[in-house]
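Residue numbers (my numbering), protein chains in the order written: chain A, 39 to 152; chain B, 14 to 438.
Think of the hints as simulated: they come from the structure by calculation, not from any bench. Remember, it's a predicted structure, so these values are computed and weren't measured experimentally. Treat the hints loosely; a few may be bogus.
Said to hold, decoys possible - Straight-line alpha carbon distances no greater than 20 Å define the calculated EDC-like cross-link-like pairs of lysine to aspartate or glutamate that follow:
id, chain 1, residue 1, chain 2, residue 2
1, B, Lys285, B, Asp243
2, B, Lys317, B, Glu182
3, B, Lys285, B, Glu343
4, B, Lys138, B, Glu357
5, A, Lys116, B, Glu52
6, A, Lys126, A, Asp110
7, B, Lys254, B, Asp243
8, A, Lys114, B, Glu39
9, A, Lys116, B, Asp243
10, B, Lys264, B, Glu198
11, A, Lys114, B, Glu51
12, A, Lys116, A, Glu80
13, B, Lys138, B, Asp216
14, A, Lys114, B, Asp96
15, B, Lys317, B, Glu171
16, A, Lys116, B, Glu43
17, B, Lys345, B, Glu357
18, A, Lys126, A, Glu136
19, A, Lys116, B, Asp37
20, B, Lys345, B, Glu171
21, B, Lys106, B, Asp96
22, A, Lys99, A, Glu131
23, A, Lys126, A, Glu60
24, A, Lys114, B, Glu47
25, A, Lys114, B, Glu357
26, B, Lys231, B, Asp243
27, B, Lys285, B, Asp216
28, A, Lys116, B, Glu51
29, A, Lys114, B, Glu52
30, A, Lys122, A, Glu60
31, A, Lys114, B, Glu83
32, A, Lys99, B, Glu83
33, A, Lys99, B, Asp37
34, A, Lys57, A, Glu80
35, B, Lys317, B, Glu198
36, A, Lys116, B, Glu39
37, A, Lys116, B, Glu47
38, B, Lys345, B, Asp330
39, B, Lys218, B, Glu198
The chain contents come next:
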Amino acid sequence: MPGGKSEILQGTLDLMVLKTLEAMGPLHGYGIARRIEQISEEALQINQGTIYASLVRLIQKRWISGAWGTSDNNRKAKFYSITKAGRKQLHTEAQNWERISGVIGRVLRIAERE
Amino acid sequence: MFAWIRALASRTQAWLSPHHADQDFENELETHLEMLTEENVRRGMTPEEARRAARIRLGGHTQLKETNRELHGLPILETFLQDMRYAFRMLRKNPGFTAVAILTLALGIGANTAIFSVVYAVLLKPLPYTNPEQLFTAFQANTQQGIAETGCSYPNFEEWRAQNHVFSELAGILGHQLTLTGRGEPSVVNTSVVTPELFALLDVKPLAGRIFFPQDGKQGAAPVALVSEDLWRGRFGADPKITGTSINLDKRPFTVIGIISAAFRIPFFNTKREVWIPLVQDPLFSTFMPQRGSHFLAAIGRLKPGVSVAQAQAEMDAISGRLAGEFPAENKGWTIRLVPLQKEIVGDVRTELLVLLGAVGLVLLLACANIANLLLTRDLPLERDCCSDCAGGRARSNHPPVAQRERGARSAWRSRRNSSGLLGR
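Only chain A is shown next, with the shape it has when bound in the complex (with noise of 0.2 Å):
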């Protein structure tokens, strides 16, 4: 793929900012674009501004919740934390993934070998 950058299911990205804000605690949007992006080593460059709709779907589904308060420069911003509901959809989402990323990974090996 050009520049080594990925496109993201929109499903995946709901999924990643759900786990960003499990390990962070309550951050931003920007924030939590940024904690992708880092955590991807800039490998999965989005749009920063499509992470909004991944957090009004997110907060409609009441598995995170958000509060204006102030920044570290004192700015005032909307932080975004993770609900019990939130923690219970990761866990399994994550599950899910790990067995769908391993089958596919499965039959993608398999597929070489031939």
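With the hints as your guide, set chain B onto chain A.
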């Protein structure tokens, strides 16, 4: 599992206060932009460069807002409201068309409502008695004499009651008028003359006092009467101590034992009944009681649970056969006919009513077809409307979806019409 319900609730909430959500998002984007700009400045860009790069990194502002609004909205409801607004706009623009359409539909719907309310009252609404499907009337019939339905005599009625195993109860009724005197002005009252089982059979509870007991029907019993709620309220001024007092019917004294609700109607009497007395006390009909050959009493029966009409009819046939053998002078040639009470009251109008209902249904269909035709002839003005909208700079994709669908359907119809050549213009 309930995630989508929560999402819908949240969307509805946001949809009801869109400005708030919009402003919130705007602030959030601005913060994000400032943070990105700062990061870029730290990397050594000039403030202008940093801001520009931050904008690119964040993505198109308008598009983000649009997406946000869509996520917060209720797309189906919005489309529906848009359709409605469009429909009202078109209706206002064509008052003539609107008037004709409304009138046509109003006539169609009105006719249907009128006929349906009759059908409902006559055919669908159950009779106001407990388990009305168990209620039957028993008539005597004589084919040789060409009599399809007539009453029975009291001795025969007693035989029916004693010999049958299919009815849990049988009661006799007839009606006439007596003169009420004693309190207030003398007046003629519609009186029901009944055997005492009637009220228990129809499961009627009195408003006050009691209903008739079997001993009230015996020879030599004290004369008692039930009065209707209307009579009690009107003539007796809702006297709470009415039970136990005496009234005179055709100059004979009767003790009032109870009040019957105004809602109660005895089957087959069109006029409201005001007084009920046991048959044995009636000055006129009690004299007919011993005559086996008379035909004055209408019988109502309640089938025992689980007994079919055919079983009941067979039993009554056997009884009428026995009676004809035993009392040939009065009973030869007479059979017993059972008719469901509902049918007896409704009579033979069932088919006619259903045909009428079908007819008004077709009228409504015709009304709809007429309006469809009107819509087709309204074709040209709509095209013009769209053109002026487009010329006015309104994006074609923004056109209400209903307009597009409508246009699509009509042009399809038109092209078919033209290709078939039937109505080609």
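Okay, the hints, checked on the actual structure:
Of the pairs offered as hints, the one joining B/Lys285 and B/Asp243 holds, with about 9 Å between alpha carbons and a cut-off of 20 Å not exceeded. For the given pair, B/Lys317 sits about 8 Å from B/Glu182 by alpha-carbon distance, which is consistent with the 20 Å threshold. Among the hinted pairs, B/Lys285 with B/Glu343 is inconsistent with the structure: their alpha-carbon atoms are about 34 Å apart, more than 20 Å. For the given pair, B/Lys138 sits about 15 Å from B/Glu357 by alpha-carbon distance, which is consistent with the 20 Å threshold.
Distance hint between A/Lys116 and B/Glu52 is fulfilled; the C-alpha atoms sit about 18 Å from each other, no more than 20 Å. A threshold of 20 Å between alpha carbons decides the hint, and for A/Lys126 with A/Asp110 the separation of about 30 Å lies outside it, so the pair is violated. For the proposed pair B/Lys254 and B/Asp243, the alpha carbon gap of about 16 Å is at most 20 Å, so the pair holds. For the hint linking A/Lys114 to B/Glu39, the alpha-carbon distance of about 13 Å falls within 20 Å, and the restraint holds.
Between A/Lys116 and B/Asp243 the alpha-carbon distance is near 73 Å, which puts this suggested pair outside the 20 Å criterion. The hinted pair formed by B/Lys264 and B/Glu198 meets the criterion: a straight-line CA distance of about 14 Å does not exceed 20 Å. With a C-alpha separation of about 15 Å, the suggested pair A/Lys114 and B/Glu51 falls inside the 20 Å cut-off, and the hint holds. With a CA separation close to 24 Å, the supplied pair A/Lys116 and A/Glu80 exceeds the 20 Å bound.
As the CA atoms of B/Lys138 and B/Asp216 are separated by approximately 18 Å, the hinted pair is consistent with the 20 Å bound. Among the hinted pairs, A/Lys114 with B/Asp96 is inconsistent with the structure: their alpha-carbon atoms are about 41 Å apart, more than 20 Å. About 18 Å separates the Cα atoms of B/Lys317 and B/Glu171, which keeps this hinted pair within 20 Å; it holds. At most 20 Å may separate the alpha-carbon atoms for a hinted pair to count; A/Lys116 and B/Glu43 meet this at roughly 11 Å.
The straight-line distance between the Cα atoms of B/Lys345 and B/Glu357 is roughly 25 Å, outside the 20 Å bound, and the hint therefore fails. For a cut-off of 20 Å, the pair hint linking A/Lys126 to A/Glu136 stands: about 16 Å separates their Cα positions. Between A/Lys116 and B/Asp37 the CA atoms are separated by roughly 9 Å; this keeps the pair inside 20 Å, and the hint holds. Distance restraint check for B/Lys345 and B/Glu171: the Cα-Cα separation of roughly 18 Å lies within the 20 Å cut-off, and the hinted pair is therefore satisfied.
The suggested pairing of B/Lys106 with B/Asp96 holds, with an alpha-carbon distance near 15 Å, which does not exceed 20 Å. Under the criterion of a C-alpha separation no larger than 20 Å, the hint pairing A/Lys99 with A/Glu131 is consistent with the structure, at around 14 Å. Using a Cα cut-off of 20 Å, the hinted pair A/Lys126 and A/Glu60 holds, with the two alpha carbons roughly 11 Å apart. Pair hint A/Lys114 plus B/Glu47 holds up; C-alpha atoms about 11 Å apart against a cutoff of 20 Å.
Restraint check for A/Lys114 and B/Glu357: not satisfied, since their Cα atoms lie roughly 82 Å apart, outside the 20 Å limit. Simply put, B/Lys231 and B/Asp243 have alpha-carbon atoms about 28 Å apart, too far for the 20 Å limit, and the pair is violated. A C-alpha spacing of about 19 Å is found between B/Lys285 and B/Asp216, which places the hinted pair at or below 20 Å, so the restraint holds. For the proposed pair A/Lys116 and B/Glu51, the alpha carbon gap of about 18 Å is at most 20 Å, so the pair holds.
Note on A/Lys114 and B/Glu52: the hinted pairing holds, with a Cα-Cα distance of about 17 Å set against a maximum of 20 Å. Taking the CA atoms of A/Lys122 and A/Glu60, the gap is about 10 Å. The hint holds against a cut of 20 Å. About 25 Å separates the Cα atoms of A/Lys114 and B/Glu83, which puts this hinted pair outside 20 Å; it is violated. For the hint pairing A/Lys99 with B/Glu83, the CA-to-CA distance comes to about 16 Å; that is within 20 Å, so the pair holds.
Under the criterion of a C-alpha separation no larger than 20 Å, the hint pairing A/Lys99 with B/Asp37 is consistent with the structure, at around 19 Å. For the hint pairing A/Lys57 with A/Glu80, the CA-to-CA distance comes to about 17 Å; that is within 20 Å, so the pair holds. For the suggested pair B/Lys317 and B/Glu198, the alpha carbons sit about 45 Å apart, so the restraint of at most 20 Å is broken. A threshold of 20 Å between alpha carbons decides the hint, and for A/Lys116 with B/Glu39 the separation of about 11 Å falls inside it, so the pair holds.
For a cut-off of 20 Å, the pair hint linking A/Lys116 to B/Glu47 stands: about 13 Å separates their Cα positions. Restraint check: the Cα-Cα separation between B/Lys345 and B/Asp330 comes to about 13 Å, which is no more than 20 Å; the hinted pair holds. Pair hint B/Lys218 plus B/Glu198 does not hold up; C-alpha atoms about 29 Å apart against a cutoff of 20 Å.
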